[in-house]
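A.B. asks: Take the sequences, apply the hints, and build the full model.
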Amino acid sequence: MTTKRAKVRPGDRIFKNLTLSAGVFVVALIALIGIFLVVQAIPALRADHVNFLTARVWVTNDPANMSFGIFDLLLVTIYTSLVALVIAMPISLGIALFLTQYAPRQLARPFAYIVDLLAAVPSIIFGLWGILVLAPELAPVAQWLNDTLGFIPIFGTGNIFPNFSGTIFTAGVVLAVMLLPIITSLSREVFERTPTAQVEGALALGATRWEVIRTTVLPFGKGGYIGASMLGLGRALGETIALAVILYIPLGNQFDWSIFDGGATFASKIAANYAEFNDPKSAGAYIAAGLVLFVITFAVNFAARAIIGERKGA
Amino acid sequence: MATGTLSETDRPAASPAFQQTSLNRKVKNHVATVLVWLSFLLAVVPLVWVLYTVVANGIKRIPYSNWWSQDFGSVLSDEVGGGVLHAIIGTLEQGLMCAIIAVPLGLGVAIYLVEYGRNSTLSKITTFMVDILSGVPSIVAALFIYALWITTLGLPRSGFAVSLALVLLMIPVVVRSAEEMLRIVPDDLREASYALGVPKWKTIMKVVLPTALSGIISGIMMALARVMGETAPLLVLVGYSQYTNWDLFNNGQAALPLLMNNERATNSMEPGSVGFDRIWGAALTLVLIIALINLIATVVSRVVAPKKK
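Just so you know, the protein sequences line up as chains A and B, in that order. According to the numbering used here, the first sequence is numbered sequentially starting from 2. According to the numbering used here, the second sequence is numbered sequentially starting from 3.
Wrong hints could be hidden among the right ones.
Said to hold, decoys possible - Here are the simulated distance ranges between beta carbons:
(1) A:150 with B:267: 27 to 35 Å
(2) B:65 with A:158: 42 to 50 Å
(3) B:26 with A:164: 45 to 53 Å
Please keep in mind that the hints were generated in silico from the structure rather than gathered at the bench. What you are looking at is a predicted structure, and each value in this text was computed from that prediction instead of being measured. Here a beta-carbon is modelled for each residue, glycine too, at the ideal position from N, C-alpha and C.
C.D. replies: What follows is the structure, encoded as structure tokens:
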């Protein structure tokens, strides 16, 4: 007896191809973003009078005579993201442990919801709160850090002194708040999956609650936590308007390795100068900066997903 | 359940039979507990502080009917009065247009991944690219649309260009939530439908989607609320207009985040000044709209949820 292959109904073929092409479209979209940014950046890069990667100047208002380099943008971007991560990583770890190990069962869900609410606040509101409300409160802290630890270049006197508001430090603190829900929610997911047998084994050996966490939850969830933090890093590198609102751009002064400097990240530089988008060549310079940002966030997200994927597969 | 019996295991059953938990270990345990509680409180402080700032400063202008029915076209920048209707219109129009484009695309991708792709190479690549897309900074999405829509196609800046950039940000959120919802639809339902001779596409449309609909709708609404708060695409892709403009395709158009940024850049931010009241009024309006959308999402998903017998 021969089996007859089922006839594919035309409706099925059409529907399958429709959904398939939506999938292909998303894949093509990422490629298109890269291609369009490269194509638009090239003419501007050709017209650049200085080295794009190492120069520390950004003069693009005269399309016939442009000199722009991303060195300072890169440093400020990395600095703000690191300040944010240094603050957000331990706190997120604490929150994730709290929600999975410490919070009373019935309250764990509402508490998690509260943390998630932080992610629902628009970033411009965080930015305005950061510069108008938080910055004046943080200024004495910054002043004190500068006074006592100023001999270390990281805490040195900034290039917008005596302004302690629009600094990388303020921006980093606000950014840290915005990263909390991101790092927390993914870490929580991984911590929840700690094998019960391991936890009970540790308890049977007489471990205290903290020892249970140290010997079972943390070793098991480490990869997920690191992956979550890298996703947070990706978010921090690309955050735009909150930083554009907070960071004060000094006139002429270069970035000087202090967290009390002002400056601009890739994203905040582009956002602050949207008025220059009237000439395609000037716009091209910003698109080139955007391209670098795209490549960096792509790499960071790629690594983060690889780490998380490995964990989830295991 | 792992931690439920902890307090009993802390204490030995009979003191000579077991060793006492040493002071060192007890102290470490207590320090850890305190730190963990503190870190949660540390997350609550900024949330409450931000919301308090928005409500306390924003409430001043919100109760007046002008705020909801006029624009800033007829008032000076330092003149009390006028309203944010123009920005509400822009935010809603741009958000809706974004949803009209992003929802079918996102649902299509999710249906492909769950119903057709199952572990094929293309579905793995698609899943990966959706992850990457969710990590694309909003300013990069804006630059891409600028390069495509304005430089390459030569079309004007407009609210529609903003919608296109928001589509890039909305698709991954829609795909993720819809995918999750489709995956929890039991296979029994699909198989029962096939057994009755219903074609696969009809099974998806009439059985799978309706079952998952409630979750999908709330996912879409949350995604919509998220993109409505975006500012970066607005800066690059549309000019701010203080007049009411219903036309998504021509001329400048306001939106609440853009209005806030514009007031911040051009107006005094002294507490109590007109500019100060405007940005916080707009912030509260935006928060209220986002809260309202989330509320609607909850109600709608309750209404369309599969009935339990």
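A.B. asks: May I ask you to test the hint 42 to 50 Å on the CB atoms belonging to residue 65 of chain B and residue 158 of chain A?
C.D. replies: At roughly 46 Å between Cβ atoms, residue 158 of chain A and residue 65 of chain B fall inside 42 to 50 Å, so the hint holds.
A.B. asks: Take the C-beta atom of residue 26 of chain B and the C-beta atom of residue 164 of chain A, compute their distance, and say whether it sits inside 45 to 53 Å.
C.D. replies: Cβ of residue 26 of chain B to Cβ of residue 164 of chain A: about 47 Å, so the range 45 to 53 Å holds.
A.B. asks: So does residue 150 of chain A sit 27 to 35 Å from residue 267 of chain B, Cβ to Cβ?
C.D. replies: 34 Å, holds
In terms of the numbered hints stated before, the structure departs from none.
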